[in-house]
Amino acid sequence: MNGWLKAMNSTQRARALDAAILVALFGLALALRLPLAGTDPFGDEAVHYHVARDFGQPPAHVDNPPPDRSLLWGRPAFFLLLAPAAQASFVAFRLEHILLASLLPSLVAVLARAWGAQRPFAAAAGLAVAVHPLYVLYGVHVFPDALLTLWSLLALWARRHGRMALAAILLVVACWTKEVGLVLAGALLAADMARGIRAGTVGLWPLRATAEASLGLFAALAGAAPLAASQLLGARFPGWSTGGPAWALVDLIPLSVWLLLPLVTATLRARTRSLSVLALVYPAFYLLYRFVLGRRVEEWYALLPGALALAALAVLLGSWIEEARGSRRLSRIVGTMAVAAALLLVAVSPTIGHPFERVTRPFTTSPGPDLVALERDLPRQHDLQDAAAYLRAHHAPQTLLVDVGWFFVVYPFSDDVDELRYRFSDGTADQADGWARELEQDGLTIVLWNYESGKVNTVLRRVYSDCVVYRNAGYSIVDGSGCGDHRDELAAELGKVEP
Amino acid sequence: MDLRRVASHRAVDPVLAAFAYILACGLRLPLRSAPYYGDEGMLYYVSRHFWSVPANVQDVYLPYYYHFGFIFFQRPVYYLTYAPAAHLSFDAFRLFHITLSSLLPVALFYLLRGHGVRRVLAFAAALVTATYPFFVSFGAIALMDTYGVLLFVGGLALRAHGRPVLAGLALLASVGAKETAWFGVVFVLSLDLWTHRARGGRLFPMRASPLATTLLYGLPFVLLPLSVALSHGLVPGAHATVIRPDAMIDGLTLAPWLALLAALGLLDRRTRRLALEGLFFPVFLFLTHVVAHRSVEAWYTILPCTLTLAAATLTLDEACDRARRHVLPVRWGVPATALAVAGLLLSTPIVAASETKTRILHPFYGEPVPSLAEVYRQEAGRDPDYWDAIRYLEGRPGRPAVLVDIIEPMFLYPLADEGRQLTTGFTEPSVKFQQDPRPWAVAVESGGSLTLLYKYDTRLNHAIRDTYADCGVYDNPLYAIYEGEGCPGRAEQLAAALAARTS
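From first to last, the protein sequence lines are chains S and X.
Anchor point for the first sequence: position 28 equals 28 in the numbering used here, and the numbering is continuous, going up by one each time.
So the number in the numbering used here is just where the residue sits in the second sequence, counting from 1, plus 499.
Honestly, the hints are just simulated from the structure, not real lab data.
Computed from a prediction, not measured in an experiment: that's the story for all the values here.
Hints are not guaranteed to be accurate.
[Claimed, not checked] Taking CB as the label site, the calculated pair distances span:
#1 X:Ile-849 with S:Gln-57: 37 to 43 Å
#2 X:Asp-558 with S:Val-497: 44 to 50 Å
#3 S:Arg-421 with X:Pro-867: 39 to 45 Å
#4 X:Phe-863 with S:His-394: 51 to 57 Å
#5 S:Asn-64 with X:Asp-590: 52 to 58 Å
#6 X:Pro-867 with S:Leu-166: 57 to 63 Å
#7 S:Asn-64 with X:Arg-743: 23 to 29 Å
#8 X:Leu-977 with S:Arg-421: 32 to 38 Å
#9 S:Gln-57 with X:Ala-517: 54 to 60 Å
#10 S:Ala-60 with X:Asp-558: 35 to 41 Å
#11 S:Ala-229 with X:Ser-588: 48 to 54 Å
#12 S:Val-497 with X:Phe-549: 39 to 45 Å
#13 S:Val-339 with X:Phe-549: 35 to 41 Å
#14 X:Leu-528 with S:Gly-294: 27 to 33 Å
[Stated by the list, open to error] Straight-line alpha carbon distances no greater than 25 Å define the calculated DSS-like cross-link-like pairs of lysine-lysine that follow:
#15 X:Lys-931 with X:Lys-954
#16 S:Lys-496 with X:Lys-856
#17 S:Lys-455 with S:Lys-496
#18 X:Lys-931 with S:Lys-455
Just so it is clear, CB atoms sit at the ideal spot from N, CA and C, and this is done for glycine as well.
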């Protein structure tokens, strides 16, 4: 081993070291994500699995199934990539995603190196992605964001190495994985155009573009096609819900509000400008979207901007250290190192968790679990799959889901049932007769989510507690056929519920 | 007088265009006072109030909500253009639409002239759009489609006359008037990028024409309002439910054989581009129907019909040119065919609907094609029961009204627009979500209010009718009006009536 190292010249040694770091980052990411592969599906993930497996065909035996055909056409690259594994099982689907998402830490390090960051800083940025709970969680849960980040980072890497056609193709794949890739495609196009105008190679009127800008234009136009197609099929404009605290966005999108200032500072330096501008484009876009339309984005939208911010930060910190070293003043070197360490610590603060996170993400009102809690608690979450397994084992002709998330209707509950309906109980306290009629049917099995704050749900579970045939922390299963007449008791109990 | 010289004079084109315009206006004006059609009342209301939710409307159960933001931002160019006229009155709104929509024959005439079509054929095509009953109906009914088509066809005409920037702006504006034009504009852009190569343009690295440049810069901006609309939760168009594919084939062109004529234009270099543009929308809309199960209503077909007509006319013109070089039967046969086609289409407004007429014009689905006189009669007699009921309410100004199963397009104008206090609700969702029926009774019995009910076949609708039958003050086959104040305290009776119908 030693002799082998000695035989290499310095360039070869450097490459070997880089490769070792990348492999280590990949290994670490995999090690943190793999133990979580068998946990319950999370929200939309169940729908993603169903679409990847069945290509959006609604399950025939589900009454009024949630529509998801537009989802397939809106994000075709995401579903097609995961479709082969999805044919095998949900865990295989997850495993394929985990393998791909575990490449992200290495890619962030590669990107930072491509922009000139020193090895330790690039490795630190990669390490941050490997251990940050957000990246761990959405490296496991199959949402399109990790893959969007993967293709986008690869596209940026290809551009950095002058492979513009490859970059354009990767950008199109990114946009076809998740439509918000268009923001990056648009920003890169604008950058190419601006550069061309300065160099006199791009004319705005009539449009005369360079090869790079032309490729960027095609990427942006082709990237928008699935968005248009999904709208045509009746999709809602990409899933951003209304409201939510606006400023919490800046805690989320560049990972911490404290990173905004160094990122802005980085735009002033030629070496770090392009990457930091790209890192700032997403927070600006989402903030604009929030303030103009009142719509917010969910936490998984932070994966791509967070990765860009970490890579940009690594490049910036590296350039600071270089300058500090050049000054040959120990105090400056030590001070710069301290600032660099503090900023990296801020970036990964959710890994450590609270109370430190309260300072680094002051606008975040409900922080998620830290890394230790995540790795400890998440593998225990099997309630949903256990309830579905019980249902499969005791095959019922009819199943009614009450208050079960609509995404779980298509998976896991629609598998191996003859007839499936779903209902929600909020605001139905005046429907005692309807509930009794619905629940007390021969051959009906009812799956209730243990919705603790749901008033009607709580009453239903209490009144029918003698018919519960299975219960875990998340779900109760009631055998409706052997449940006698609870109509009067239910009416009395629901009558006490305040509307 | 040398007739040939007169006919070739430059001033003849404006004279013919003016004639087509006056004729179009003249044929549309008799419909200016016809009862409004479908969404027209709502469009008028939104043109006056934009996206603001009416303060005088409330819901039986919840605070009133209707997606006015979506409606406005989906088609802002239309609302902004029509707003001044709408602020005067509904008649002014209609009159403005008639004067604007009558420009469509003019735009088509200049489009064809710009492509070198001989004057007589271009004029004949213009006359078809001026007189054809379908164009006359939607030239008087102030939906946005004819305005959007005018901008689109106007854009193509400006392009044909060497005004690429204005052409681009008109095409972009057409997207703002009716979003379906977006797909057509993208197609026009793609064709322009492709065909521009012959004039020194390139696809890679890109060297675009002024028209393509205008469209490339403008398209993202015209998408913005649509994005805002979509983010408010609704998607334009409708799901294909009742409209069958054969009806689409008939409806997307004035007559299916006209599309065949247009398709022949693909064979020739001169006619190919307009043939492609003419056939794009019929093919696109048919494919979205078959593949995506989306459907379009009659008014969406104004654009495909106009463009197919333009492409077919250009093909006939080219055929006439080629026929000149052939032997006698062909030399005269082709122009005779062109005149026969023109004559057939121009006779449509005069000839009453018949089986033969239907077989010629709508051979697949067989929907009758009325004459102009029949259209006038049809439009004048639209929704007589509704308007009779509205007249009853208008005879009692200022009284609050409860509207049962009356949809927004029907009550926003005139009822909401005149400032009357309204309570609205729909029985179908109420039954579906098993809502408590008592708030309906509270609304119906509230002080001084009149309840206008559309006789809809839901259990709750029947229960309301049963409960308040003795308080009815007006009735016709489709609508009933109740004076609930005289029948107080019937909430439990209503709940019982609903329960009885449920069991």
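Here is what the structure says about each hint:
no., hint, verdict
1, X:Ile-849 with S:Gln-57: 37 to 43 Å, "52 Å, violated"
2, X:Asp-558 with S:Val-497: 44 to 50 Å, "23 Å, violated"
3, S:Arg-421 with X:Pro-867: 39 to 45 Å, "44 Å, holds"
4, X:Phe-863 with S:His-394: 51 to 57 Å, "53 Å, holds"
5, S:Asn-64 with X:Asp-590: 52 to 58 Å, "45 Å, violated"
6, X:Pro-867 with S:Leu-166: 57 to 63 Å, "59 Å, holds"
7, S:Asn-64 with X:Arg-743: 23 to 29 Å, "25 Å, holds"
8, X:Leu-977 with S:Arg-421: 32 to 38 Å, "35 Å, holds"
9, S:Gln-57 with X:Ala-517: 54 to 60 Å, "57 Å, holds"
10, S:Ala-60 with X:Asp-558: 35 to 41 Å, "36 Å, holds"
11, S:Ala-229 with X:Ser-588: 48 to 54 Å, "42 Å, violated"
12, S:Val-497 with X:Phe-549: 39 to 45 Å, "42 Å, holds"
13, S:Val-339 with X:Phe-549: 35 to 41 Å, "52 Å, violated"
14, X:Leu-528 with S:Gly-294: 27 to 33 Å, "45 Å, violated"
15, X:Lys-931 with X:Lys-954, "18 Å, holds"
16, S:Lys-496 with X:Lys-856, "69 Å, violated"
17, S:Lys-455 with S:Lys-496, "10 Å, holds"
18, X:Lys-931 with S:Lys-455, "21 Å, holds"
The structure fails hints 1, 2, 5, 11, 13, 14, 16 (numbered hints given earlier, in ascending order).
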